[in-house]
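Asks: Next come the chains, spelled out residue by residue.
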Amino acid sequence: MHKTGFYIKHIIQWGFAFAIAFIILNLATFAFYDPCQELLRSGGSTTGFLLPDSKGVYGLEGYCIANIDGNGYVNRDLPRSDHYILVCGASHTEGLFIPLKSRYSDILNDMLTDKDELCVYNIGRSGNYFSVVLQHLDGILGEFPDADALIIETDTLTYDTKALYDSQIQTGYDPGETARSMLDNLSQRQRLSIKVKQSLPLVRELHKQYLTYEESKAEPSSSDILDPDFWEKEFSGGYSKALDELMGFIRSKTDKQVIILYHPAVSIQKDGSMKLLTNDAEPYYEEICAKHDIDFIDMSDAFMKAYNEEHIVPYGFSNTTPGDGHINRAAHRMMAEELYKKLR
Amino acid sequence: MSFLSLPFVILISVLLILLFFIKNGKAERLLLLIASYLFYACFDVHALALLFLLSLFTWAGAKLIAGLIKNGQKDSSKKLLIACIFVQVIVLAFFKYAGLFPMPVGLSFYMLQAISLLADTYRGDIKIPSGAEVPEDAPVVPSLLDSLVYIGFFPQVVSGPIVKARDFIPQLSARKKLTLERFSYGIQLFALGAFLKLVMADRLAVCVDKVYDAPLAYSGLTLLLTSVGYSLQLLFDFAGYSDMAIGVAWLLGFDLEKNFNLPYMSVNPSDFWHRWHISLSSWLKDYLYIPLGGSRKGNTRTYINIFLTMVISGLWHGSTVNFLIWGALHGLWQVIHRALTHLHPNNKTEQRTPLLRFRSVISMILSFLAVNFLWIPFRAQTLSDTWTIVSRIVTLKPGIGYYYVYIFIFGAILLIVQLITACKGDSGNPVKPLPLGRMYGKIAFCILIIATLMFAYFGSGAFIYSQF
Chain A
7 MHKTGFYIKH
17 IIQWGFAFAI
27 AFIILNLATF
37 AFYDPCQELL
47 RSGGSTTGFL
57 LPDSKGVYGL
67 EGYCIANIDG
77 NGYVNRDLPR
87 SDHYILVCGA
97 SHTEGLFIPL
107 KSRYSDILND
117 MLTDKDELCV
127 YNIGRSGNYF
137 SVVLQHLDGI
147 LGEFPDADAL
157 IIETDTLTYD
167 TKALYDSQIQ
177 TGYDPGETAR
187 SMLDNLSQRQ
197 RLSIKVKQSL
207 PLVRELHKQY
217 LTYEESKAEP
227 SSSDILDPDF
237 WEKEFSGGYS
247 KALDELMGFI
257 RSKTDKQVII
267 LYHPAVSIQK
277 DGSMKLLTND
287 AEPYYEEICA
297 KHDIDFIDMS
307 DAFMKAYNEE
317 HIVPYGFSNT
327 TPGDGHINRA
337 AHRMMAEELY
347 KKLR
Chain B
136 MSFLSLPFVI
146 LISVLLILLF
156 FIKNGKAERL
166 LLLIASYLFY
176 ACFDVHALAL
186 LFLLSLFTWA
196 GAKLIAGLIK
206 NGQKDSSKKL
216 LIACIFVQVI
226 VLAFFKYAGL
236 FPMPVGLSFY
246 MLQAISLLAD
256 TYRGDIKIPS
266 GAEVPEDAPV
276 VPSLLDSLVY
286 IGFFPQVVSG
296 PIVKARDFIP
306 QLSARKKLTL
316 ERFSYGIQLF
326 ALGAFLKLVM
336 ADRLAVCVDK
346 VYDAPLAYSG
356 LTLLLTSVGY
366 SLQLLFDFAG
376 YSDMAIGVAW
386 LLGFDLEKNF
396 NLPYMSVNPS
406 DFWHRWHISL
416 SSWLKDYLYI
426 PLGGSRKGNT
436 RTYINIFLTM
446 VISGLWHGST
456 VNFLIWGALH
466 GLWQVIHRAL
476 THLHPNNKTE
486 QRTPLLRFRS
496 VISMILSFLA
506 VNFLWIPFRA
516 QTLSDTWTIV
526 SRIVTLKPGI
536 GYYYVYIFIF
546 GAILLIVQLI
556 TACKGDSGNP
566 VKPLPLGRMY
576 GKIAFCILII
586 ATLMFAYFGS
596 GAFIYSQF
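For the protein sequence lines, the chains are A and B, in the order given.
Under the numbering used here, think of the first position of the first sequence as 7, with each following residue one higher.
Under the numbering used here, think of the first position of the second sequence as 136, with each following residue one higher.
These are calculated hints, taken from the structure and not from any lab test.
Note that the Cβ used here is the ideal one computed from N, Cα and C, for glycine as well.
Keep in mind that a hint or two might mislead.
[To be verified] Within a straight-line C-alpha distance of at most 27 angstroms, the following computed BS3-like cross-link-like pairs (lysine-lysine) qualify:
1) Lys311(A) x Lys262(A)
2) Lys432(B) x Lys213(B)
3) Lys281(A) x Lys532(B)
4) Lys312(B) x Lys9(A)
5) Lys311(B) x Lys9(A)
[Claimed, not checked] Pair by pair, the computed Cβ-Cβ distance ranges are:
6) Ala176(B) x Lys15(A): 35 to 45 angstroms
7) Gln516(B) x Lys239(A): 35 to 45 angstroms
8) Leu188(B) x Tyr216(A): 54 to 64 angstroms
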């Protein structure tokens with residue numbers, strides 16, 4: 007009887023200790039990983055919104071305290087100008103790795119105006135790659151009909167002939183599907199779920215860790231998206247025609263200025279040089295974009311110049327590795343400068 | 136099968152349950168042998184044959200040596216001992232340097248234990264504790280089962296700590312039962328080791344691997360900082376593994392000595408080797424340095440013995456010229472330090488004056504810088520890379536400026552631990568086991584476990600020392 011009481015006491019104590027430890031570490035997690043909640047949608051300008059008027063903390067790659075505006079996009083709390091440029095893209099554009107003012111869209115904004123307003127409006131969303139952005143073109147033009155220009159950011163041109171055609175398939179646009187309306191229509195259960203997730207960043211961090219662990223056990227993928235033989239076959243086939251059709255499709259949708267902002271991935275070589283990881287599709291894009299009056303900005307030269315002259319690597323942070331992951335502050339600045347040259 | 140895997144947790148759990156119920160000593164040892172060979176087979180089932188054959192050979196050699204000693208043939212037993220050691224070294228050299236076959240996991244470690252078994256049998260150092268199954272004054276020839284368990288004992292067969300036969304074999308006859316205190320200590324050591332490995336070492340490996348892959352790309356300052364990162368990574372990786380191994384051994388009822396004792400607090404090379412990979416230093420001292428003559432044959436011979444011991448230590452670590460250089464430079468450093476100590480003998484005083492403290496701090500910093508510098512050839516892939524790194528650091532060459540934040544964070548943590556130790560005037564590690572019977576101990580332990588899961592870096596899993 008005495009022994010049973012001893013064990014019960016210790017089991018209760020362990021449970022209590024675990025709860026206290028969990029609370030302490032959960033509080034600590036708010037300082038470095040408290041991501042914003044996402045509201046997924048079927049169509050529109052992006053694949054989803056972030057919870058309007060909320061904040062998030064991202065400290066696992068770089069460090070950022072994100073501010074979500076009333077429309078569900080990551081932007082500073084400033085009014086949108088009557089004349090504005092819309093910036094679309096994936097996580098690089100969303101920029102949840104560096105302070106908000108250091109993103110290329112914000113730097114460009116500050117280059118273009120002295121006023122406290124947004125003349126560059128960022129709707130970047132993780133996972134909204136080049137082809138995804140193009141599939142949401144109807145949504146983008148529907149949701150932001152008064153934008154003066156459109157910037158589409160991409161870190162790769164590895165879209166084969168089929169992907170180029172698929173990029174024209176539109177997801178559609180429902181004007182009533184705004185972040186605010188989605189938030190208002192959430193059920194009590196969904197609201198509770200969001201509240202719980204917001205209160206327990208530690209659980210989300212542990213879940214992310216579990217996914218990373220599972221990923222680390224998986225066999226590395228054997229596919230090489232930069233295989234020169236594959237791209238040679240593509241380029242000698244119907245690639246140009248498909249790209250021409252895609253650019254023609256974009257131009258048919260809007261007569262506004264469209265800029266494709268391309269920043270290739272890089273790799274640090276054993277001999278100390280930096281190599282651009284490309285599939286050599288740049289000349290095709292340059293030629294065909296020009297044909298359709300679409301601006302194509304290729305960051306290759308700027309990146310190489312910065313590396314060769316100042317040893318600046320455009321990707322990576324002080325808590326990750328150079329050349330890997332997302333673009334850093336230096337790259338954002340370079341991209342803003344290249345965009346400014348084109349827009350001024 | 137890694138320590139940090141579900142199969143290992145299952146293996147150790149089943150083993151502990153079975154050992155709890157088994158009361159027969161021989162059955163216990165048989166079970167330990169089965170578990171050890173099962174663990175080893177998960178790494179390389181073919182190499183298990185080598186482990187078994189080498190253990191068998193060692194046991195037969197030890198038995199013959201003991202027999203010859205018993206018959207008064209001391210000279211013959213010495214010749215046999217040398218022949219047996221020679222065979223072991225040839226086997227190791229064949230796998231390590233010939234490069235014809237992949238190096239069997241843990242060969243470098245269990246071979247040293249095999250030599251220890253032969254040498255300790257020859258010296259008559261293996262004693263059976265009182266109260267054990269065998270009378271205290273009985274001549275000890277380790278049984279085949281004991282020899283197999285000793286050489287293949289799974290917590291340390293892959294990467295040590297290297298346990299001497301005279302310290303381990305007597306424990307087989309008097310294995311300590313698992314108590315709550317023992318469980319508490321063992322599990323904490325294991326958890327701390329897992330934290331050091333998964334959170335600290337593996338996260339530092341991210342930066343170190345990247346920079347050492349292309350040293351020509353990085354600035355001198357970055358290379359210097361990364362060399363510090365590697366010093367930390369190596370410590371956390373190997374100390375983490377050792378802690379886990381010692382923790383598991385504790386759970387199984389065996390006491391293994393600690394393998395690291397804040398090595399970057401050392402004030403000179405001799406002090407460093409008393410704190411770093413203690414089990415290897417102790418092995419080298421007992422089975423190499425002292426048999427070579429130690430310090431008994433004059434100064435010149437002492438210097439030669441020290442230098443030779445360190446060169447052999449370098450060769451034991453790896454087959455490339457980098458390891459030879461690393462060992463030789465450590466040898467040279469020790470010889471210079473010893474010579475200087477002889478020239479200017481330090482009047483030891485108990486009084487800890489501010490000047491002496493200041494001198495200690497300066498010695499500590501200089502020793503760390505020397506150790507850190509010597510880790511460069513240890514980590515660099517080639518001699519050319521070593522030269523590149525050293526020359527770029529010395530000339531402060533421009534290049535990518537990459538200042539990995541975790542080097543600062545983990546370096547600061549280690550520095551704080553060392554400062555606390557220094558302030559206490561203690562030479563040992565101030566990180567003591569938590570009192571799990573108390574509430575705050577339980578909370579701290581839970582924080583350690585959750586923090587390990589939170590911050591673990593999954594990607595580079597292998598322990599550095601398992602490749603040696």
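Asks: Does each hint fit the structure? Answer for all of them.
Replies: Outcome of the hint check:
1. Lys311(A) x Lys262(A): violated, 31 angstroms
2. Lys432(B) x Lys213(B): holds, 21 angstroms
3. Lys281(A) x Lys532(B): Given that 27 angstroms is the threshold and the Cα spacing comes to 21 angstroms, the pair holds.
4. Lys312(B) x Lys9(A): holds, 19 angstroms
5. Lys311(B) x Lys9(A): OK: Lys311(B) and Lys9(A) at ~23 angstroms, within 27 angstroms.
6. Ala176(B) x Lys15(A): 35 to 45 angstroms: holds, 42 angstroms
7. Gln516(B) x Lys239(A): 35 to 45 angstroms: holds, 37 angstroms
8. Leu188(B) x Tyr216(A): 54 to 64 angstroms: For Tyr216(A) against Leu188(B), whose Cβ atoms are near 42 angstroms apart, the range 54 to 64 angstroms is violated.
Hints 1 and 8 from the earlier list are contradicted by this structure; the remaining hints agree with it.
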